[in-house]
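Protein chains: 2
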Amino acid sequence: MLNFSREKYLKVTGGALELREEIERVVDKVYEKGFKNIFLIGSGGAVATFYPFEFMINSTSTIPAYAEIAAEFVLQNHKQFSAESLVILSSLSGTTQETVAAAKYCKGIGATTIGLTGEYNKPLADTVDFPIVNFAENDFASDSNQLILYLLTFKLMNKNGDFPNFEAFAGQLEVLPEKLLDAKEQFEAKAEEFAVAFKDEPYHMVVGSGNTWGRAYSYAMCVLEEMQWIKTKSIHAAEFFHGTLELVEEGTSVILLKGEDETRPLMERVEQFAEKYTKKLTVLDTKDYELEGISEEFRKYLSSIVTSTLLQRLSVHLEDKRNHSLEIRRYYRTVAY
Amino acid sequence: MLNFSREKYLKVTGGALELREEIERVVDKVYEKGFKNIFLIGSGGAVATFYPFEFMINSTSTIPAYAEIAAEFVLQNHKQFSAESLVILSSLSGTTQETVAAAKYCKGIGATTIGLTGEYNKPLADTVDFPIVNFAENDFASDSNQLILYLLTFKLMNKNGDFPNFEAFAGQLEVLPEKLLDAKEQFEAKAEEFAVAFKDEPYHMVVGSGNTWGRAYSYAMCVLEEMQWIKTKSIHAAEFFHGTLELVEEGTSVILLKGEDETRPLMERVEQFAEKYTKKLTVLDTKDYELEGISEEFRKYLSSIVTSTLLQRLSVHLEDKRNHSLEIRRYYRTVAY
Chain A
0 MLNFSREKYL KVTGGALELR EEIERVVDKV YEKGFKNIFL IGSGGAVATF YPFEFMINST
60 STIPAYAEIA AEFVLQNHKQ FSAESLVILS SLSGTTQETV AAAKYCKGIG ATTIGLTGEY
120 NKPLADTVDF PIVNFAENDF ASDSNQLILY LLTFKLMNKN GDFPNFEAFA GQLEVLPEKL
180 LDAKEQFEAK AEEFAVAFKD EPYHMVVGSG NTWGRAYSYA MCVLEEMQWI KTKSIHAAEF
240 FHGTLELVEE GTSVILLKGE DETRPLMERV EQFAEKYTKK LTVLDTKDYE LEGISEEFRK
300 YLSSIVTSTL LQRLSVHLED KRNHSLEIRR YYRTVAY
Chain B
0 MLNFSREKYL KVTGGALELR EEIERVVDKV YEKGFKNIFL IGSGGAVATF YPFEFMINST
60 STIPAYAEIA AEFVLQNHKQ FSAESLVILS SLSGTTQETV AAAKYCKGIG ATTIGLTGEY
120 NKPLADTVDF PIVNFAENDF ASDSNQLILY LLTFKLMNKN GDFPNFEAFA GQLEVLPEKL
180 LDAKEQFEAK AEEFAVAFKD EPYHMVVGSG NTWGRAYSYA MCVLEEMQWI KTKSIHAAEF
240 FHGTLELVEE GTSVILLKGE DETRPLMERV EQFAEKYTKK LTVLDTKDYE LEGISEEFRK
300 YLSSIVTSTL LQRLSVHLED KRNHSLEIRR YYRTVAY
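Chains as they are written, first to last, in numbering that gives the first Met the number 0: chain A, 0 to 336; chain B, 0 to 336.
You may find that some hints are simply not true.
The list treats identical chains as one, so a pair stands whether inside a single copy or across any two.
Claimed, not checked - When the alpha-carbon atoms are kept at most 20 Å apart in a straight line, the in silico SDA-like pairs for lysine to any residue are as follows:
no.	residue 1	residue 2
1	K35	P63
2	K275	V334
3	K230	T277
4	K121	E6
5	K178	Y276
6	K78	K158
Honestly, the hints are just simulated from the structure, not real lab data.
Using the sequences plus the hints, can you model the full thing?
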């Protein structure tokens, strides 16, 4: 695979999975104190990674879950938030201004705080009650974070009595990185084809639903816009028919992130529409990937990580074919604002 | 004002305000039965109109509020939703497929349902426990719905002990339509200027936060995309700096919907950035409008309706200068999908 190190990927994802024991200890401590709801707080890609988990918790568990944008959260005075809340924050660098400020705000109110981050001795790890640390390169951070969140949030739900099969689920996660590598391999040629065909495309619609909606939102914003300077519209499949559809013409690029959760029919409806009205339809369907060793009952939860692992390959090929490094920024951490 | 009837506007908004007594009766009945949370359910522009109210309820009241997209909601199996939920649905025509299906789903589970709609004897009004009906032309529907929602949700919060000044607030709403007319008049020249300057602009960023975020989302999707076939990106001010900012160049149109709630500093930050990096910055600031008779303490809640009332003028001038009727659709209710 282009610009890809299997070793690094397995090290990062393996590092995430090795945290299982520590994560379960944190969950035990959190339950000792007790909590009445979960706030998932981040900015940009980090909050987007929380959206699938907000969706899955609200679909699976009686614990109320709220994914919130850090900079807005500290201003809003959210009335469900209190010392009895459990907060999970995320910042790979551990220095994202707004997220660190949110961590301090939450601590100030007395809530229990867990921080997912790439390094100790950075503001996020130093602020929260429970830092959960796994070093990850930028391109693997999303997979690392998601693995940690599968362990953390599903264990939380399990202890709440909502997800009895946690043992089997966590056991199967052990094989997931190898299966995600297989998926990447299988997708590689298609990723390259996409990049060749669409390298000069000025605009993409990116559509998701359920636990792929967060991936659609972040791929559009954090990769296509931020790293490739290409215009996008991310749109939820259930909202697609209430406005954005009118822009679709024969030459409009529409990218569908089709997962396997309850909302799959929403994506099928958009797909049927797009097949008729554009010649530039790209479908990433998690169902096309075998994921040997993963039970049918767990597949739906994994749509978000399968999607992001595939999208990571798209990014590498876009970088290559467009000759536009994923690292350059006009503004972010380049100028002050 | 171009293509505008004061009489019709005052009739529609007056019709909404005349519902106050009926709305308070509904609130009493809803409290008799009891409820533990509020679900605000719609599609497209209707769910977008709920977003500000979700934000305001969660900032003001201990009643948990969830705004949900109808078509996803019926598939998700949301665990906070139960027979003890209060549901507010909205569809102007009363026929929006997904919203009517959601109403039936909610009834099936035994939740209390309120439906905001433009007509009796249509599926939405026929399905819900409490139809609240006010006829509105499409271009005034958003103001009508918001007035009804100010009365309904603030009365619900008042009865919960969270908003003691409801009487004063509801009293002041009586003068609001006249003040919104003044605001429209004051904005008229600016709206026309915008349409002249931007009639051929192929892409706009539309930015909001707090209770203007829903307006940004829906103006981008339901007007610029659906009714004018112009590409957009709606982006929350707190997320702007995590990706979308990288697209900003000297010639990028950025439209800011600046309100007066707690999140105003987020908009100011985007404004300061945009002032530096684009020559095509448009700021709609609710603070520029006097709204005589409205107390300072209530102004922040009204940012969403002030914003939408101004945006309605933008639409009319875009229609005119672009010679593109707000009524034509390529697909919506034109082809089957």
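For each hint, the structure was consulted:
1. K35 - P63: both (8 Å within a copy, 13 Å between copies)
2. K275 - V334: Answer is between: at 11 Å across copies they meet the 20 Å cutoff, but 44 Å inside does not.
3. K230 - T277: Both. Shortest intra-copy (18 Å) and inter-copy (16 Å) distances satisfy the 20 Å Cα cut-off.
4. K121 - E6: neither (26 Å within a copy, 61 Å between copies)
5. K178 - Y276: neither (34 Å within a copy, 44 Å between copies)
6. K78 - K158: Between copies only: 16 Å across chains, 25 Å inside a chain, cut-off 20 Å.
In this structure, the hints that do not hold are numbers 4, 5, in rising order.
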